[in-house]
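I would like the entire structure built from these sequences, with the hints used as guidance.
For the record, the sequence lines run as chains A and B. Following my numbering, the numbering of the first sequence begins with 16 at its first residue and continues without gaps. Following my numbering, the numbering of the second sequence begins with 60 at its first residue and continues without gaps.
Incorrect hints may have been included.
Stated by the list, open to error - Covered stretches of chain A, going by a simulated chain B footprint (3 or more residues, C-beta under 8 Å): (1) 22-36; (2) 313-320; (3) 586-600.
Don't read these hints as lab results, they were simulated from the structure. Note that beta-carbon positions come from the ideal geometry of N, C-alpha and C, so glycine has one too.
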Amino acid sequence: MLMLPKLVLRNLAYHARGNLAVMLGVAVGSAVFTGALLVGDSLRGSLRGRVERQLGDVDSVAFFPRPIRAEIADKMPGMVAPVLLLPGSVQASGDPATAPYLGKITVLGVNDTFAPAGVSGVDWNGDRRRSKTANVFPPIVLSRRVAEKLGAKSGDRVTLSVEQFSDMPRSSSLAKRATNDTTGTEQFVVEAVLSADARENDFNLTPNPAAPMNVFVPIRTLSRMATRGDAPVATVLLASGASNDDLNTALRGRLHAEDFGLKFREIDTRKYLSVESTELILPPATVKDIETAASDLGVSAEPTVVYVADTLNFGKKEIPYPIVAGLNANAAEPLGPFLPKGAAVLADDEVILLDWQGSELKGLATGSKLRIAYFDPEVEGEGKLKEAELTLRGYVPLGGATRDKNLTPEIRGVTSDDADLYDWDRPPVLPGEKIRTRVPKGPPPHPRGDFYSRNKSTPMAYVNLPTARKLFGSRYGSDTSVRVAPSKGETLEKLNERMQAAILKRLDPKASGLVFDPIRSRLLTASRGGTDFGGLFLGFSMFLIVAALMLVGLLFRLSLDRRAKEVGLLLAIGFAVKQVRRLLLAEGLLVACVGAAIGLAAGVAYNRLLLAVLLDLWPDEGVKAYFKPHASPASFAIGFGATMFMAFGALWFSVRGLVKVTPPALLRGETAIARHAIKGPSRVTKVLAISSLVVGIGLIAAGGTVSNPDFRAMTFFGGGGLLLTAALASAAIWMRRTRHAIVNGRGASALAQLGARNAARNPTRSLFTAALLAMAAFLLVAVESFRRQPDQEFAEKTGGSGGFNLIAETEPLYQSFDTGLGRADLERQLRSAYSGVPIPKIPGDPEPPATPQSRAANTELDVGLEEVFPLRLRGGDDASCMNLFQAARPRVLGVPDSLVARGGFKFYMTEAKTAEENANPWLLLTKPAANNAVPVFCENNTAQWMLKKAVGDEFMMPGDDGEMVTFRIVGTIVDSPFQSEVITGEAEFARAFPKQSGYRAFLIHTPPGKEQGVARALEVGFRANGFAVTPARDRVASFQAVIGAYLSTFQLLGGFGLMLGVLGLAVVVLRGVWERLGELALLRAVGYRTRALQLLVLVENGLLLLVGLGSGVLAALASVAPHVASGAAIPWLRLAILLGLVLVVGFSVASAATAGILRVPVIPALRRE
Amino acid sequence: MSLVVDNVSKEYPTRGTEPLSVLRNACLTADRGDAVAVMGPSGSGKSTLLHILGTLDRPTSGKVALDGTDPFGLPEAQLAQFRNARIGFVFQEHHLLPQCSVLENVLIPTLVSKTTNPAETEAYARQLLDRVGLAGRLDHRPAELSGGERQRVAVARALVLKPTLLLADEPTGNLDRTNAQSVGAMLLELHKQERTVLVVVTHSADLAKLFPRRFEMNDGTLQPA
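Structure, rendered in structure tokens:
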């Protein structure tokens, strides 16, 4: 019994060849669609895999802003390991100037709870250096990468340097900032090198692309290096097996006040409790918490500021280095009073002097105007003196509240009982020579020195608290202690105990950064990728997918054309149009179903091909190690479903046209509606052409102002697609119009006219072919125009590099190295490196001598360092295209005012409004943006692809206190070396990240040819800081290599599209020639030579090629016009070669396809007709 | 009357101002059992008339009624059903589906019929094929048949749903003389047996001679011969 399904199957089998072509077309579409989705799966799967590997078992992590006692991890829920995690550098044994050296390593101080597995013989809980077997170097375990780069093996000695913690902010005036003061360096013996498959090689807590460089040392040893103390400390707690909430609850219960950076001194001499900071200055919020805690206990508390000024003088009379206290002078015992007899209050800008023997400022009249010179409390490098005028309120005798050296908080080497003014472990603002000059040791001793010997750091001048805060306050705060008086009869010990408990209740662990972060879930979120690879590849593959489906439609229609009589018969014998359509669609969909299923398998191979191409071109070898193909069932389901949906559309479109033809015409073999029914180009086509053109141009023009990058990309593709539509609709109009022209004349031109007429003979078919080619050409040209290389202007001040040919990153340097103290420090380091003589720990010990090499390095620096700008850097996620993870918290650079004033770099777009800002957009970074947001610049690509933002957009990330800070993009730059970070002004940087100190990045300009010498001198000099110099051009080139890898892969898609286009062209021309075989035979019969017929076919073929390529190229150029207007250069030559090649291939394929048919003998061909 | 053709005209638009008139006020009536031959030169409009009678084309003016129904007043789906149930076609070319057997080709119209019983129609198809002398070739493919045999299959296909109107457009045009006579005679024989209205368009005087009613089509005008 014949039923419809059986008929469908019969048809499928009978038209197997045609169906096979359709099936393959669908398979291509399905493969491309599914493959693109699988690329997304691969990225996510690979990053997820990498997260799993880099975290190991760690689920949560607490990052502490300062080291806290490692024992806090004991008996926490789950498994919690204390780790002292520090950035550092390591150098192999040998000549310090030449031995292999590695900066930017991660040093993990661990105990046996987090010791690398499979390493024996290391006492992870001890410190061999402190053991009885003195002079034995402590052990270090190197990761495989570090060992390979250093060329080190087990038993070798290496030198490890890490940054040391400071007991006061490095950016405060009293802090020491020389390299030796900020880093700890020690020799280690390599106990083991991790095996290549050890997970510890990849341990990493940040979602960054760089392969981690880990080394492991005992936590006690590293703690000693970093803190100079014996107790093991940790900066991170790594937790597994417990929830984040449980961990935070447990942590809160274990925290002591000292973990918040507080210390409590019981001042027995004055009977009060001094609450101080382990970092000298109490943050304002903490001062409030202490005051509130005191209030809770019903005891009085007095915030106090103590500061060492440079000079306090009245005319020529002066006190050098006076210690000034800011406090409530009216405070009652034991916290005061400090008022002179008869005075009731100490007003703003008034000063009370201590009446001490030998003071030059004795006996001045009340109301005398004194001048105080003091160091700017917030400074990097050289100290900057500031001055203020104070009015003398009177004198207080040395006794009672004023005889209190403990008003000054503990500063190592300054306030201790054995400290000597002349041997102060002094900051750079108090150089020993200057002290000795101003305060001669004698005999006789200078009165100031004598006072110090007797009274140590007892203040000798008092101002009120607001005045002290105004003069000596910085971004860290101003108060150095809060003095708390006990209740009546209460012992200091009891008060201390009560205060610690009360303060703990007030302090917020979160604000102090003492909380666990669910790092696994955060990194897994980041592993979704900075860019949706699936979406990105799907976007660029859409042209190819549409091309494949157009080819499907074309092939299906060609197949149906051959069955026109069959369709006519079915209609004639009573099949309704709908029934015929269903019958044909059922056939087509069955074929498509098989094709789509085959495409799923092909999609897996296609995904592997794309990844192979992408990774082959990717500049970072590390990515290849973990980027593997992955596949999810959802992608297959979506790929299959979407392909079937689109195939249905293509098939429906093909069938739709055919069933419109009347049955008699179909029975005659005609497949198009009778020509006389069509009066030239339809109005719909004209409207389509014009409206597509207008809307397309509008979209592209509007694209520049669209802030959302996804929408901007859509305007680009949408605008380009519409322009393409307009071009093809115009071609359709032209094709219909050509039928009115009269083919006349002689020779090649007449033949060409006839060929053109042939191309217009079946407009739909021809347009489909042209559209296939056009889309591929569009993709190729558009993608090619986005390819960039550092241009000729790159090295200019207004070019991508901003005129800087070197960019450096380092562990913090606290003074720039081009002049002054920083340069002196650098030269000292160079002398030490080249002479092998260490820098003395004790003042007066022999300094390392200069060597010819150190002199040569100095000369290189003298000649080479033309411009140096130190930049602040807050670490975070690498926001560049090198990072496949989602960069939720990008790195932030803070540029100094001097760089803002200098200007430069190449801008893409800014929010500059005034003429001044337009002339120098960097001025935008000097003041808060709208909504008090921190204004930032970033690389245009970073904004668009990684942050998914545009100029005017805002984003948030946590500041130093854990609170969210809003950042506003006020400008984008291009071709810069700053793709990994966002940039703001130094003041705004400090507003967002007040606790960050030092410079971790430098922009350097050298004369041409001096780059290498300067880089080498700096890397040798600052090897303990892990100083690494990169040529700006190389850095930009590596970013552009990534972009190039993407673009080349996308162009591969365009290449596939062209292949489909050329295939479609060959099919169409072949089919056209086959259909006109008799006609062509007739031409030969009337005297046309084969060559003339070939010309006819070639013209037809060439016209379609030109219409296709021309439409694609023009639409692409119009689409990228805004991009080009922003300074991009289109590589015309490459494009011309590419398109020329396409033309040649297109002609060759069509010629080869038709050559055989044109040689068919005349008579059989005529008979066939 | 089973078939009424009343003043049917057909015009086509042209690039010029005047439309092309192909059929002019054609009138024809016929009842079941009537057999009509329409002759005329090429381009005279006879195929157009046949296509209009077969509802494959619509008249510009005039009316056509079959068993009292004006098919052109029906919506597209019902028109197809009407054509399926009431009209059988035999073309100059057999238009057999090469992928189907002889029996299946005859059954093709039944696939979309809403009124027939599949088993009965198959039995009837077999009977028809027996009557056209192809009982032994039921499973053969069209490529295995001669031209005359193919046209016999086409005749059987046209009759399988017992149409009121059987239309044949040059049914013997592609056949040699012997086959043409045989197919012509068979067509008339079956028409008589099935009591259809048979309208044949032909150039063949030999075939036309077999028909009791003959019409001449000249320049779009239908006149009794």
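Do the hints match the structure? See the list:
1. Note: the stretch 22-36 of chain A has 6 residues with beta-carbon separation from chain B under 8 Å; the three-residue rule is met and the coverage holds.
2. With 0 residues having a beta carbon nearer than 8 Å to a beta carbon of chain B, the stretch 313-320 of chain A misses the requirement of three or more and the stated coverage is violated.
3. By the rule of at least three residues with a Cβ nearer than 8 Å to a Cβ of chain B, the coverage given for the stretch 586-600 of chain A holds, with 9 such residues.
Of the numbered hints given earlier, the model fails hint 2 alone.
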